[in-house]
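Following the hints, complete the assembly by docking chain X with the ligands onto the known chain F.
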Amino acid sequence: MNKQEIDARFVSIRREAERRAEHRKREAIPTIYIVMSTCGLASGAAETKHAFEEALSHKGIQARIVPVGCLGHCYAEPLVVIDHPASGFPPICYHQVSAGRARVLVGSYLEEGDPVLEYVLGAMERSDLIPSVMDFPRFSLEQRLVMEHCGHIDPDDIYQYIALGGYSALARVLASEPAEIIHLIETSGLRGRGGAGFPTGRKWSLARASETGGNIAICNADEGDPGAYVDRTILESNPHQLLEGLAICAYAVGATQAIVYVRAEYPLAVQTVKRAIRSAKELSLLGPGILGTPFDLEVSVFEGSGAFVCGEETALIRSIEGRRGMPQHRPPYPVEKGLWGRPTVVNNVKTLSSLPSIVQKGGSWFRAIGTASSPGTAVFSVVGNVRHPGLVEIAMGTSLRTLIFDVCGGIPNKKSFKAVQIGGPSGGCLPESFLDTPIDFDSLRQAGAMMGSGGMVVMDEDSCMVDVARYFLDFTQKESCGKCTFCRIGTRHLLNILDRITKGDGRKEDVELLATLSEDIKNGSLCGLGKTAPNPVLTSLRFFLDEYEAHIKEKRCPALKCRSLTAYYIDLEKCARGCEVCVGCCPVEAIFTTRGRKKGIDQKLCVKCGECLVACPREYDAVVKVSPPGLAPIIERPPDEEKSVGGQG
Amino acid sequence: MVTIVVDTKEIQADDGKSVLQTCLEHGIFIPNLCFMKSREHPHASCRLCFVEIYGIDQPVTSCTERVREGLVVLTATARARRLQQAAFKLLMSAHHCRPKACPVRGGCQLIRIARHLKVGLNSQPLERLERAIDEEVDLGLFTYYPFRCVLCGRCVHVCRQRTGHNLLTFAGRGLKTVVALFGGGDLAAAPCRHCGACATVCPTGALVLKGEQGRAASADSSLRAPQIPPR
Ligand SMILES: Cc1cc2nc3c(=O)[nH]c(=O)nc-3n(C[C@H](O)[C@H](O)[C@H](O)COP(=O)(O)O)c2cc1C
Ligand code: SF4
Ligand code: SF4
Ligand code: FES
Chain F
1 MNKQEIDARF VSIRREAERR AEHRKREAIP TIYIVMSTCG LASGAAETKH
51 AFEEALSHKG IQARIVPVGC LGHCYAEPLV VIDHPASGFP PICYHQVSAG
101 RARVLVGSYL EEGDPVLEYV LGAMERSDLI PSVMDFPRFS LEQRLVMEHC
151 GHIDPDDIYQ YIALGGYSAL ARVLASEPAE IIHLIETSGL RGRGGAGFPT
201 GRKWSLARAS ETGGNIAICN ADEGDPGAYV DRTILESNPH QLLEGLAICA
251 YAVGATQAIV YVRAEYPLAV QTVKRAIRSA KELSLLGPGI LGTPFDLEVS
301 VFEGSGAFVC GEETALIRSI EGRRGMPQHR PPYPVEKGLW GRPTVVNNVK
351 TLSSLPSIVQ KGGSWFRAIG TASSPGTAVF SVVGNVRHPG LVEIAMGTSL
401 RTLIFDVCGG IPNKKSFKAV QIGGPSGGCL PESFLDTPID FDSLRQAGAM
451 MGSGGMVVMD EDSCMVDVAR YFLDFTQKES CGKCTFCRIG TRHLLNILDR
501 ITKGDGRKED VELLATLSED IKNGSLCGLG KTAPNPVLTS LRFFLDEYEA
551 HIKEKRCPAL KCRSLTAYYI DLEKCARGCE VCVGCCPVEA IFTTRGRKKG
601 IDQKLCVKCG ECLVACPREY DAVVKVSPPG LAPIIERPPD EEKSVGGQG
Chain X
1001 MVTIVVDTKE IQADDGKSVL QTCLEHGIFI PNLCFMKSRE HPHASCRLCF
1051 VEIYGIDQPV TSCTERVREG LVVLTATARA RRLQQAAFKL LMSAHHCRPK
1101 ACPVRGGCQL IRIARHLKVG LNSQPLERLE RAIDEEVDLG LFTYYPFRCV
1151 LCGRCVHVCR QRTGHNLLTF AGRGLKTVVA LFGGGDLAAA PCRHCGACAT
1201 VCPTGALVLK GEQGRAASAD SSLRAPQIPP R
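Note that the protein sequences, when read in sequence, are chains F and X. No gaps in the numbering here: position 417 of the first sequence is 417 in the working numbering, and each next residue is one more. Numbers given in the working numbering equal positions in the second sequence, counted from 1, plus 1000.
Honestly, the hints are just simulated from the structure, not real lab data. Check the hints yourself; a few may be wrong.
Pairs of lysine-lysine, DSSO-like flavour, derived with a Cα cap of 30 Å [claimed, not checked]: (1) X/K1176 with F/K478; (2) X/K1037 with F/K337; (3) X/K1017 with F/K337; (4) X/K1017 with F/K522; (5) F/K478 with F/K555; (6) F/K531 with X/K1017; (7) X/K1176 with F/K503; (8) F/K503 with F/K414; (9) F/K414 with F/K561; (10) F/K522 with X/K1176; (11) F/K531 with X/K1037; (12) F/K531 with X/K1176; (13) X/K1118 with F/K508; (14) X/K1118 with F/K522.
So here's chain F without its partners, still in its complex pose (with noise of 0.2 Å):
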């Protein structure tokens, strides 16, 4: 098969995309962009959807509903863009798009073309008549390779990639020898994204080197990290540009087998890639002889049961096979033995969904993106204490204070910022000293955090580093496969000293009880969880370890957050006589009117979930947190009082 009559046919299927996308702009009717990924369903974008198409047959008017993925910006969810050519406005994008403001931009905007200002995020194009998103930092300093049409395109219709120059890559590759491939991707120094950074290439080439034939190529997306939400969006808003990297990877390698390993939890996304594969076929870009060429590959979904250590290559394949997803030791390693005993190339969804620029593109213009060691791009899931959380795709080499404070928007809520955890369960949290860490495989790694597979949690300072410690330790020692003697018990003593530090019964020993046993549980286990699952103790020691000492030593928590540590009192100064809002809140009944007639709060009865705090009116503003408890100056509760509790005051 020569690369002419590839192009060929891909050429046609490419002229029909192209018409369909022609035929689309010259009907000139507006286009309403939902998004439709699971988290603009979590906010509600399917009243949306139903409140568009009401409005719209309730008004007479035509318009086109077009379901896309994920934009990132999961802060301005539900999030919609309007294409209104006829206004004469730009296409312009929407944020908190509720069914009510679904319902006012029919009328206001489609019917008498009033953009609506006060629901704009921006225009998605530069013009003179609404600011563009464009130049917020959000969008300026993103650089989208791996979510490009993320969000821009219906993840249901093929065509609308392959307009977008989708599945050209694959095209060409089919038209050159699998060395050739597995040369430009060495060169182009792709790291995969499942965590490691291993070299792309490289991989592929000791899977192409094996002898023993039959080789398969899987898709990881069993993304377990709490908090990580990177793969399961690529797979809801541009399935195609995963499939067609699988299908450069599989072609590369060798394999006639690729398989999506999905976690079930992840429906939406399942059931996306299965359609996309579906589609792909139909046009033969998937399937038995791909665009004619005698090379097959058959893709099919695996539905993993979610645990997180079936992200781990050795026990995903085990998993597959029908076993009990536990680690094997490696080598041997899966490109040389994997699946069903036969070398298996396992890579990350972003690693998969990087290979269609770098094929249409080329080694040396990945290469000018990020740094020396680690090219291309980085996908974060940004979340916690940060004004604008959502997905964010930077260039490695990026600070991370760039990240958080540019183009996250910062921290929110006048608070200052304390640490950033990322990799999840096995990456670290690093302080402000090290906001200037370039986010890159090695520099991270350096500082004692990890790449992971996306997850970035941002603290603001009311976080307590011992409670976020315990909080991953809580995660992996459960999620541990119970395999090695390290990971299964250790990880669950150092939950529990870090239970006990948090309550109040920390030891002095505590510390170096601490540190000992992660550094035998990091180099005692046997795979990665294990090796990692240390890293969250390890750093915030290493950064916090004033905060574990006044645990400790002290009976203090710096951020105010352990529970066993803090208390609540009402400044008698400043409470107003004769107010009583925070008595009916109080579940337990613990606040009492004293004899000045103000309030006071039986700590004995006090269970501390400070809706007093919330309660308290601002101008009076008299509820106090204060650790440790014994800082709580002791008001008796008048003998007269006991059973007036929130009555005549």
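What follows is chain X with the ligands alone, placed relative to chain F:
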């Protein structure tokens, strides 16, 4: 045959055999619980068999390392010992050692290992862990004692190898992991009556054939529990 050096002793060894097996066969003890000759792929779960190998910057498990010409192995460096002892302490923190009630008389692997490592059978400075699992589980012909089990997987492996089907498996996650019957089946119906291999290979008396006091259920000595140091 290749020549390797273990703790200054020169050994003629079979190329490709595991370092652990080679050492054990030459009378050099390295703590181990999960290793079995018959396993094609080492389970490597007990993490007791750490050694240092010249040229590798970290201690490694000797059951997963293959012998090759010129290998220099050190079985008792400070770093290897630290991991051996740490793994042992961790196991002991989850293992209920009750010598009086223990069916494994005399031959307990944990006692042998403790002696070799010169540590006690307690888990100091780690606390004993409590777990929300049953003390005793009835497996038909067998009784399973989760608090004795070190999850070495020998029983699971030997069952698969002997019976050709997996009657035994691991169940649960994290510290709640236990050995269980596949699909909660009944061993009485299975070929177990004439086998008992799982109880034989168990190094800790966690899996006991009902009515048997000790664990020498099978006469097949090749199945005996891990190799132990000469006293
Ligand atoms: C505990 C654990 C969980 C993992 N989870 C994932 C995951 O969710 N997704 C992923 O792509 N890789 C995960 N990995 C890494 C995989 O083992 C493997 O290295 C990766 O899929 C290879 O793809 P890459 O070369 O594209 O990075 C995990 C590793 C460990 C140890
Ligand atoms: S490190 Fe943890 S998850 Fe990995 S094999 Fe050991 S017990 Fe299982
Ligand atoms: S029952 Fe015995 S042989 Fe089986 S895993 Fe537990 S300790 Fe090992
Ligand atoms: S004998 Fe090597 S890990 Fe158990």
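Results of checking the hints against the structure:
{"no.": "1", "hint": "X/K1176 with F/K478", "in the structure": "holds, 9 Å"}
{"no.": "2", "hint": "X/K1037 with F/K337", "in the structure": "holds, 21 Å"}
{"no.": "3", "hint": "X/K1017 with F/K337", "in the structure": "holds, 19 Å"}
{"no.": "4", "hint": "X/K1017 with F/K522", "in the structure": "holds, 27 Å"}
{"no.": "5", "hint": "F/K478 with F/K555", "in the structure": "holds, 28 Å"}
{"no.": "6", "hint": "F/K531 with X/K1017", "in the structure": "holds, 26 Å"}
{"no.": "7", "hint": "X/K1176 with F/K503", "in the structure": "holds, 24 Å"}
{"no.": "8", "hint": "F/K503 with F/K414", "in the structure": "holds, 29 Å"}
{"no.": "9", "hint": "F/K414 with F/K561", "in the structure": "holds, 18 Å"}
{"no.": "10", "hint": "F/K522 with X/K1176", "in the structure": "holds, 21 Å"}
{"no.": "11", "hint": "F/K531 with X/K1037", "in the structure": "holds, 27 Å"}
{"no.": "12", "hint": "F/K531 with X/K1176", "in the structure": "holds, 20 Å"}
{"no.": "13", "hint": "X/K1118 with F/K508", "in the structure": "holds, 27 Å"}
{"no.": "14", "hint": "X/K1118 with F/K522", "in the structure": "holds, 24 Å"}
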